[in-house]
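Whole structure, please, built from the sequences with the hints as guidance.
From first to last, the protein sequence lines are chains W, E, H and Z. 1 is the number of the first residue of the first sequence in the working numbering; add one for each residue after it. 1 is the number of the first residue of the second sequence in the working numbering; add one for each residue after it. 1 is the number of the first residue of the third sequence in the working numbering; add one for each residue after it. 1 is the number of the first residue of the fourth sequence in the working numbering; add one for each residue after it.
None of these hints come from the bench; they were simulated from the model. Please note that the accuracy of each hint is not assured.
Said to hold, decoys possible - BS3-like, lysine-lysine: derived pairs with alpha carbons at most 30 Å apart:
#, chain 1, residue 1, chain 2, residue 2
1, Z, Lys82, Z, Lys254
2, Z, Lys231, Z, Lys210
3, H, Lys56, Z, Lys82
4, W, Lys181, W, Lys235
5, Z, Lys152, Z, Lys122
6, H, Lys56, Z, Lys30
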Amino acid sequence: MTATSHQAAAEPIVTLERITKAFPGVVANDNVDLQILPGEVHVLLGENGAGKSTLIGLLSGLQQPDSGSIQIDGTQRAINSPRHALSLGIGTVFQHAMLVPTLTVAENLLLGGPWWERPRKERLREKVDEISKSLGIAVDLDAYAHDLSLGEQQQVEILRALIRDSRVLILDESTSMLTPKGIEELGSLMRRLVNRGLAIIFITHKLNEAVSFGDRISVLKLGRKVGEIGPDRFKSLDKAELTTQIVEMMFGGQHSEDDAGFHKPNPLSTAEPPVLVLDGVTLESTSTAPGLNSVHLELHPGELLGIAGIDGNGQKQLADALSGQSRIESGSITLNGKRIETHSVGERRDAGLRYLTDDRLGEGTVSTFPVSLNFLLKQIGSPPYWRNQIERRADIDQHAEHLIQDYDVRTPSAHTPVGRLSGGNIQKVLLARELSDGAKVVIFNKPTYGLDLSNTVSTRQRIRDIAASGLGVLLISTDLEELLELCDRIAVMDAGTITGIVENGENARTEVGRLMVGLSQ
Amino acid sequence: MGSLFSEVFLGALLFGAVAAAVPLLLAGLGEQISEKSGILNIGIEGMMIAGAYFGFLVAYSSGSLWLGFLGGALAGGIVASVMAILCVRLGLNQIVIGIGLTLGLEGLTALLHHVQFSRTYPRLPAADVLAIPLLSDIPVLGPALFRHHLIVYLAVALVFVMIYVYRRTQLGLNLQAAGDKPAALDVAGVDVVRTRTVAVLSTGALAGIGGAYLANIGAGIFVPFITNGAGFLGIVLAMLARGRPVWVLLGALLFGISLSLTTALQVAGINIPTDVIQMIPFLAVMIMLVAFGRRSSLPAALGIPYERGAR
Amino acid sequence: MESTTTPAGTVTDPIQAMIHRLLLTLGPILIALIIAGLILIAIGVNPLEYYGYVIKRGLLSPTGVQQTLTRMAPMLFIAAGLIVAFRAGIWNLGVDGQFLLGAVASAASAPLLAAVMPSWLALIIAFSLATTVAMAWSLLPALLKAYHGVNEIITTLMMTFLGVSLANVMVKLVFLDPGTTVPQTRTLPVEDRMFRLFDTTISSGLLLGLVAIIAVHLMMTRTAFGLKLRVVGANPRAAVHSGLGVPSLTIAVFAISAALAGLAGAVDILGVQGNVRADWNPAYGLAVIPAVFLARLNGFASIGFVFLLSVLSIGGESAARRIGVPTTFTLVLIAIVLIVLAIAEYADHRYQNARRT
Amino acid sequence: TAADVNTIAILTPEEGTDYGWNQQGVDAAKAAGEAAGVEVIVAQGLGYGDVRPTLRELAEDGANLMIAHASGYNTAAPEIAKELNVPVAIVDTPSALTPGLIADYTLSGHAGAYLAGRMAAKMSRSNTLGIVVSGEPPSWNSQSAGFAQGVKAENPDAKVIYAVIGPAAYSDAAGGKRVTESVIAAGADIIFGQGNGSSFGMLQAVETSKAGDGGKVLFIDVIGDKTAIDKGNLLSSVVWNIEPVYSAMIADLKSDTFGTKSYAIGLADDSVKLLKTPQIPDDVWTDVMAMRDDIISGKITVEPVFEATAVRAMMSDVQE
Ligand SMILES: Nc1ncnc2c1ncn2[C@@H]1O[C@H](COP(=O)(O)OP(=O)(O)OP(=O)(O)O)[C@@H](O)[C@H]1O
Ligand SMILES: Nc1ncnc2c1ncn2[C@@H]1O[C@H](COP(=O)(O)OP(=O)(O)OP(=O)(O)O)[C@@H](O)[C@H]1O
Ligand SMILES: [Mg+2]
Ligand SMILES: [Mg+2]
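As structure tokens, this is what we get:
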């Protein structure tokens with residue numbers, strides 16, 4: 001099943017032939033062939049570290065292939081700089097935000113014009129208005145980039161690609177930060193774009209997105225392309241069949257999304273006193289972030305409480321307030337009977353509170369440190385890895401090897417700087433660190449964002465097990481499916497307020513959905 | 001003793017303050033460009049002294065101050081190009097190279113001076129001043145502010161040019177992006193290395209002109225180590241200014257005035273050791289920092305070499 | 001700068017690595033000598049002759065090498081102080097001010113103390129005074145950094161300018177030696193100074209310096225405290241997330257770094273100089289800062305580079321005199337060596353990466 | 001045991017090409033060596049840091065006498081002298097005299113500076129004189145004081161303006177020019193300037209600015225003779241000739257009397273003398289020469305003042 005099995009009418013804009021790219025310790029792309037045709041959404045699937053972003057890096061001029069050829073409109077090209085890529089009509093929305101935080105949206109969009117010119121703000125406005133109208137994207141040109149939520153930032157980046165009137169639009173995990181509604185909109189946007197003759201490369205880990213938005217699917221595995229499904233077969237099959245086929249390609253069928261079936265709430269022993277109680281927890285809102293207004297929550301042992309809500313409605317603030325990274329103005333936080341709102345991060349951790357952040361590179365890890373040390377970042381100085389403050393390298397390395405095994409972290413070695421790993425593998429390092437030893441309450445913030453399917457499944461299983469083992473679990477997520485699949489109760493956050501708490505069950509989806517879009521139950 | 005503080009004298013003091021401020025102003029504005037684009041240019045002292053020596057050499061042998069400034073800019077630019085190649089293109093440690101260049105050029109210029117001038121100590125004739133009509137007749141302020149060599153007015157004008165560049169031009173956006181998020185600038189299709197190179201070269205040229213001013217107009221002669229740390233003051237000014245050219249101007253003037261103050265107090269016969277008076281501007285700045293010590297908004301990527309696609 | 005330091009347990013065999021580093025140091029030095037040689041030729045001097053004298057005095061002659069080793073002492077302390085700061089991501093460019101104030105503190109106290117108590121006790125007190133003063137001088141930048149996030153490059157530079165002036169005021173007005181018209185502090189008698197090693201002229205400060213820098217190296221690379229400092233340096237937000245007390249750690253870094261700079265001053269005064277003269281400022285920091293970077297903030301490598309600097313300055317002075325080159329040429333030589341070493345470092349880095357793929 | 005002297009060494013902080021302190025020292029040492037048939041090692045540009053290594057090396061190279069020609073060397077040199085038992089000569093430290101080992105030569109041109117003051121006061125049209133210095137080492141202080149005393153003696157209501165460029169501004173030529181210009185603007189038409197690199201800035205200021213009355217500003221230099229690079233503004237200089245001192249040292253070494261006395265320079269043997277230039281009217285010159293004789297004969301006495309604060313105090317007095 002290769003691209004040549006059935007040739008689409010139009011000529012490919014981009015053709016990759018036997019592309020290979022290696023990094024110290026890994027072959028990220030291994031003899032990859034790929035054809036990008038106008039009028040198609042070409043979905044790239046693959047596990048974490050499969051080589052998707054690397055391939056994108058090659059197309060957008062960030063890196064050069066070690067071997068193989070790239071043809072644009074049939075003529076061979078060496079794409080030697082992002083500038084060159086843009087001039088060839090290849091626009092990319094990268095996996096990690098690529099806006100200058102200290103510039104306004106307008107200035108960001110204007111970057112790259114001839115250096116001697118005055119920025120043409122007026123002209124930009126017209127162009128943006130026109131595009132926004134036809135495609136239904138709304139951005140505030142005068143807002144500073146650092147004031148935007150990740151979702152909004154991605155919209156700006158998509159807009160940027162369109163303004164440059166690209167012929168090829170690349171979206172690397174652009175849905176990972178979007179709400180279900182946002183994802184739907186992006187899907188229809190892509191459809192409108194390809195109808196205009198654009199070619200789109202769409203990277204995601206969510207199979208339902210792939211099947212509902214894609215025209216053609218290619219699957220990467222360990223850098224190699226292991227299969228492709230062309231448009232006609234795409235249409236001929238129904239979603240279920242497609243999904244199973246893809247899963248077949250990706251994992252030889254050991255998983256399927258069916259175990260994401262409906263969750264049967266385990267009979268809560270509310271007789272047991274709550275292990276975590278938030279009462280009137282309040283935090284002033286800032287220019288860049290919403291606050292918290294008198295949040296009240298109770299979490300019982302063994303309970304899985306979800307926090308739903310559109311990204312940027314105070315979930316991060318809630319997590320920071322709980323973990324002790326930010327002090328609350330008023331209210332109380334009680335961890336099995338003890339008041340902890342004045343405790344430091346360390347003290348709370350000792351008290352049994354665990355926090356798995358969503359900002360992996362920003363605060364979760366020290367990207368230049370080896371994986372082994374990042375596993376212990378929150379236990380520096382504690383035995384057995386440190387004996388009277390002296391480092392025990394043997395123990396540290398052994399511990400690392402252990403966790404790399406258990407959590408299947410794909411890394412060249414335990415000494416590789418963690419920043420070199422792919423997004424998903426970094427996430428596994430964090431998971432391993434937070435869950436590796438005893439805890440009473442665990443806060444997960446977007447635990448599966450950026451994880452491939454198999455890792456998502458196993459991570460979710462871990463979360464279930466943790467709750468089952470009697471810990472209280474607070475699960476913050478923008479992925480409604482995830483919440484419905486895992487949680488006993490789901491609280492919905494809107495602008496720093498808990499607008500409602502829903503018992504998980506048949507009509508939980510609609511109730512939560514209504515709350516999320518601001519309707520009452 | 002009141003008679004001492006005649007108009008003429010006050011005028012001369014202020015004049016001296018301005019004269020002392022100009023090299024700092026040029027150095028500070030220059031450094032600011034590099035820092036905006038993410039390069040901590042510690043080599044600026046070396047660029048200044050190179051400009052001082054070569055600027056003097058040219059001015060002396062050609063008899064033209066303007067050629068002298070050109071020479072100074074050239075020399076500073078050449079030193080800067082070393083920094084650009086090593087630190088911007090190859091990404092070498094900016095502090096090692098910066099200090100290395102400074103030490104090297106202080107030594108080299110002293111060496112050349114020894115070989116060439118140490119017997120004759122050639123000196124330049126007085127620089128011709130451009131008296132601005134009307135303004136220059138204002139008592140005290142007139143002679144102090146409006147009877148300088150044209151380059152002084154140009155240096156001040158540069159402040160406003162830079163404001164315009166930073167606020168209103170594509171280049172300004174590029175510079176800021178290169179300093180705050182180079183990767184974003186790169187994917188927007190602008191060559192980060194090229195942008196930073198341009199910034200570093202501009203810094204070198206301005207520092208060189210500052211040095212040339214110091215030797216050709218400030219002193220009228222080149223002597224070894226003549227810059228005396230002016231470059232490092234420039235770095236401090238640029239950092240304190242937080243990317244705003246006007247603050248560089250004010251800072252430079254603060255230092256210039258405190259120098260003149262030293263003279264004034266002495267001439268007034270007030271018996272204070274110069275060291276104490278020398279501390280005034282630094283004290284003032286430290287107090288300011290303590291008072292309004294806001295998070296200093298330095299570029300996020302300052303001092304970090306840019307490597308495309310690095311993880 | 002973190003990325004350059006090797007993580008826990010490196011794969012390559014240490015002996016081999018040592019040799020590699022050694023070659024990687026000597027090769028560039030040779031190239032640097034050749035480049036500097038061209039300058040010498042340009043001004044009509046025979047480079048071989050010049051270098052001959054540098055090596056002879058700086059390295060080979062027994063009395064010469066004693067001078068070289070003695071001059072290392074203060075630079076070792078400064079290097080140690082810089083390593084702590086830089087590894088913790090604190091750009092303490094104010095070492096020269098801290099150094100001078102430490103020097104003045106010890107010079108002002110030691111002679112008076114030595115007159116009334118056993119000299120060993122006087123020395124200990126003088127050392128602790130120097131340390132305290134230098135620490136105090138770094139307090140303001142430390143607090144501003146820790147609680148207001150004010151960039152320390154500015155504040156430490158400012159405090160150095162201030163410190164140099166303050167040191168002069170102290171020498172000229174407060175601690176002036178009444179016994180002479182020359183503006184300088186009282187002089188600590190030779191017999192009261194730190195003892196010399198065996199019957200050489202090498203100051204025992206050398207040993208202290210070596211101990212200090214090795215201790216610092218082990219602290220930063222082997223202990224929990226060192227790791228915490230490195231986390232703060234590499235990613236402050238991660239430090240907060242991991243529950244480290246960033247402000248207190250930051251202040252600790254300033255204190256340790258400044259203390260070592262102050263000790264450098266004390267070692268120089270109590271071991272060699274005996275007093276502080278007005279306007280005295282050796283500005284060791286300027287030479288040592290690039291050296292520790294070239295050493296990749298590694299204590300042992302730093303010892304090597306400090307030794308190199310010392311050889312060049314001692315030997316350079318001698319050679320300059322014998323050949324009639326201005327002593328300022330030494331600066332040129334040191335600069336070229338620094339820059340070429342940096343380039344070699346880079347070339348090697350590239351080569352290694354190329355090989356790993 | 002009469003030591004035979006075949007090598008002497010001189011150490012100076014800067015290159016001996018400054019038409020000033022360093023050059024006079026180096027030249028004098030050479031001349032003295034020449035005269036006594038003694039080899040001379042010159043170690044110049046050693047800076048103001050630690051000279052012990054150089055001293056030790058020079059001793060090793062067989063110097064029988066090491067002249068530490070900077071007040072900053074007066075701690076190191078005696079120590080090395082005792083350590084290696086090699087005679088040294090130091091400046092500004094009479095207290096250190098040690099027979100056979102340490103001699104002191106305190107060079108003070110205060111008497112010469114006094115004469116310069118008298119001359120300046122006679123010639124000043126504005127009755128305002130300026131003293132500009134780049135630092136305040138003892139030997140300069142005594143001359144600043146001497147000059148001020150001379151001015152006062154000649155004309156009690158003449159003003160003397162005193163300005164220090166800045167701490168350790170020895171190489172700050174721009175500062176020298178800036179400060180001198182201010183002092184001229186304050187009314188001075190004759191500048192008594194002391195400074196190394198910075199004194200060229202002073203000279204520049206004098207050459208390029210006009211006095212209050214639009215006339216020429218004149219410059220009085222110290223220690224060295226800048227005639228060679230004069231552009232017509234050099235009024236005079238308090239020239240030192242250190243050769244007699246060094247010759248005497250060599251002689252004393254030979255006759256084993258080294259370290260028993262402090263050496264000095266003075267008007268009597270012209271080791272301190274005013275430089276005669278075309279700028280000086282003959283009548284003024286004769287008067288000044290007469291005063292010189294009075295000083296030698298003791299009719300006029302000039303007390304040296306070495307402390308900076310005292311010197312500054314004098315100036316403010318003079319001013320009132
Ligand atoms: N600049 C780099 N240096 C070293 N290794 C790299 C670099 N970029 C990518 N890699 C490695 O190449 C492999 C592919 O990474 P890539 O980011 O392409 O995976 P991915 O498919 O995007 O994974 P994810 O879905 O988690 O983003 C990974 O093992 C990663 O560690
Ligand atoms: N001569 C120059 N003067 C100042 N800045 C320059 C100059 N040349 C380039 N630059 C800077 O370097 C960056 C990269 O230059 P480049 O020429 O690629 O940009 P550009 O404005 O798109 O020009 P062009 O479209 O001609 O390539 C520019 O953004 C600009 O900031
Ligand atoms: Mg990716
Ligand atoms: Mg991912």
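Cross-check of the supplied hints:
1. For the suggested pair lysine 82 of chain Z and lysine 254 of chain Z, the alpha carbons sit about 19 Å apart, so the restraint of at most 30 Å is met.
2. Between lysine 231 of chain Z and lysine 210 of chain Z the alpha-carbon distance is near 14 Å, which keeps this suggested pair within the 30 Å criterion.
3. A distance of roughly 25 Å separates the Cα atoms of lysine 56 of chain H and lysine 82 of chain Z; the hinted pair therefore holds under the 30 Å criterion.
4. Pair hint lysine 181 of chain W plus lysine 235 of chain W holds up; C-alpha atoms about 24 Å apart against a cutoff of 30 Å.
5. Only pairs whose Cα atoms come within 30 Å are accepted, and lysine 152 of chain Z paired with lysine 122 of chain Z is accepted, the gap being roughly 11 Å.
6. Of the pairs offered as hints, the one joining lysine 56 of chain H and lysine 30 of chain Z holds, with about 27 Å between alpha carbons and a cut-off of 30 Å not exceeded.
Every hint, counting from the list given before, is met by this structure.
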